[in-house]
Amino acid sequence: MTSQVPITGLRGRLTPNAPLGPRAWFRTGGPADWLFVPEDLDDLAHALREKPQDLPLTVLGACSNVIIRDGGIAGLVVRLARGFTEITVENDGIIAGAAALDITVAEHAAASGLAGLEFLAGIPGSIGGAIRMNAGAYGSDINAVLDWAEILTKDGVLKRLSCEELHFSYRHSELPADSIVVRVRLRATKDTADAVRARIVEIRASREASQPVRARTGGSTFRNPEGHSAWALIDDAGCRGLKLGDAQVSEKHCNFLLNLGAARSRDLEQLGETVRQKVLAKAGIELHWEIRRIGREENGQETV
698 MTSQVPITGL RGRLTPNAPL GPRAWFRTGG PADWLFVPED LDDLAHALRE KPQDLPLTVL
758 GACSNVIIRD GGIAGLVVRL ARGFTEITVE NDGIIAGAAA LDITVAEHAA ASGLAGLEFL
818 AGIPGSIGGA IRMNAGAYGS DINAVLDWAE ILTKDGVLKR LSCEELHFSY RHSELPADSI
878 VVRVRLRATK DTADAVRARI VEIRASREAS QPVRARTGGS TFRNPEGHSA WALIDDAGCR
938 GLKLGDAQVS EKHCNFLLNL GAARSRDLEQ LGETVRQKVL AKAGIELHWE IRRIGREENG
998 QETV
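In the working numbering, the protein residues as written are 698 to 1001.
Because the hints were derived from the structure by calculation, they are not lab data. Ideal placement from N, C-alpha and C gives every residue a C-beta, glycine not left out. Some hints here could point you the wrong way.
[To be verified] Taking CB as the label site, the calculated pair distances span:
| # | residue 1 | residue 2 | range |
| --- | --- | --- | --- |
| 1 | Asn996 | Ala841 | 38 to 48 angstroms |
| 2 | Thr712 | Ala902 | 18 to 28 angstroms |
| 3 | His925 | Thr705 | 45 to 55 angstroms |
| 4 | Gly706 | Thr971 | 46 to 56 angstroms |
| 5 | Glu862 | Asn996 | 26 to 36 angstroms |
| 6 | Lys887 | Ala978 | 25 to 35 angstroms |
| 7 | His864 | Thr705 | 32 to 42 angstroms |
| 8 | Lys949 | Ala808 | 25 to 35 angstroms |
| 9 | Ala978 | Ala895 | 36 to 46 angstroms |
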């Protein structure tokens, strides 16, 4: 990494060699060459317009569904924070900044007697990440409730895309390359606040009972293959509780990886690959990662 500041005229914080591991839910991973926390939309747009074309760009949200590799992340890492957390309640929906947490949006909806967004209470992470991966749980997903998403293109141009223009599929959206979600509108319907809150309580209780929510984990590790549950395939392949150093397949929910304390990102990723191999050998089904794996190995090699 060069010590030369890659972008000038910023109002937000630009930090060289910034640790990322403490921000990640797994508590693993190396530093960002440059970590930028923009002050607001204009500040972020300026950064995108002025960024050298050859400077890699990575966007991080709540870091709940990501493995940051041990060599860190090259180039510019953008983390949306306070300037992108505003939530506005309307009669039939909610407008939320991309850095607003999913659970916070669900709770705002409940307080206003708006139904249909309760499923967000069961998804760890932020709204921007939920759009990017069409996050879903408990019978619904982003595709079912999104009206529009506003993005900044890689050139810093603000655009509003409809739900249809994002071409959602299972855990996937077709956001333009290097674009950043900044704000969204989610549809909802009227109900009593008590009824909505009760459903959120049920979802949170169900999640608490079935998932290792208090552990160092990254959420669902693999996508569910069509017609199958990833956790059942993993269990049938004998991987429940499987360990590699301090990385472990959860005994509570087989589709979760855990950092028991001293795991490295490479341990988590290697354990996941071992699980994939065992499931393929046992069931003939290839699991695909749902967790994003980004950054460099410790030797500095970039991995896709």
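Tested hints:
Restraint check, Asn996 to Ala841: a C-beta distance of roughly 43 angstroms satisfies the suggested window 38 to 48 angstroms. Range check, Thr712 to Ala902: Cβ separation about 39 angstroms, and the 18 to 28 angstroms hint is violated. Between His925 and Thr705 the beta carbons are some 51 angstroms apart, a value that agrees with the proposed interval 45 to 55 angstroms. Evaluation of the 46 to 56 angstroms hint for Gly706 and Thr971 yields a pass: the beta carbon distance comes to about 47 angstroms.
About 40 angstroms separates the C-beta atoms of Glu862 and Asn996, a value inconsistent with the hinted range of 26 to 36 angstroms. About 51 angstroms separates the C-beta atoms of Lys887 and Ala978, a value inconsistent with the hinted range of 25 to 35 angstroms. Range check, His864 to Thr705: about 37 angstroms between beta-carbon atoms, so the 32 to 42 angstroms window is met. For the pair Lys949 and Ala808, the beta carbons lie near 31 angstroms from each other, so the given range of 25 to 35 angstroms is met.
The supplied range of 36 to 46 angstroms is met by Ala978 and Ala895, whose beta-carbon atoms lie about 44 angstroms from each other.
Of the numbered hints given earlier, the model fails hints 2, 5 and 6; all others are met.
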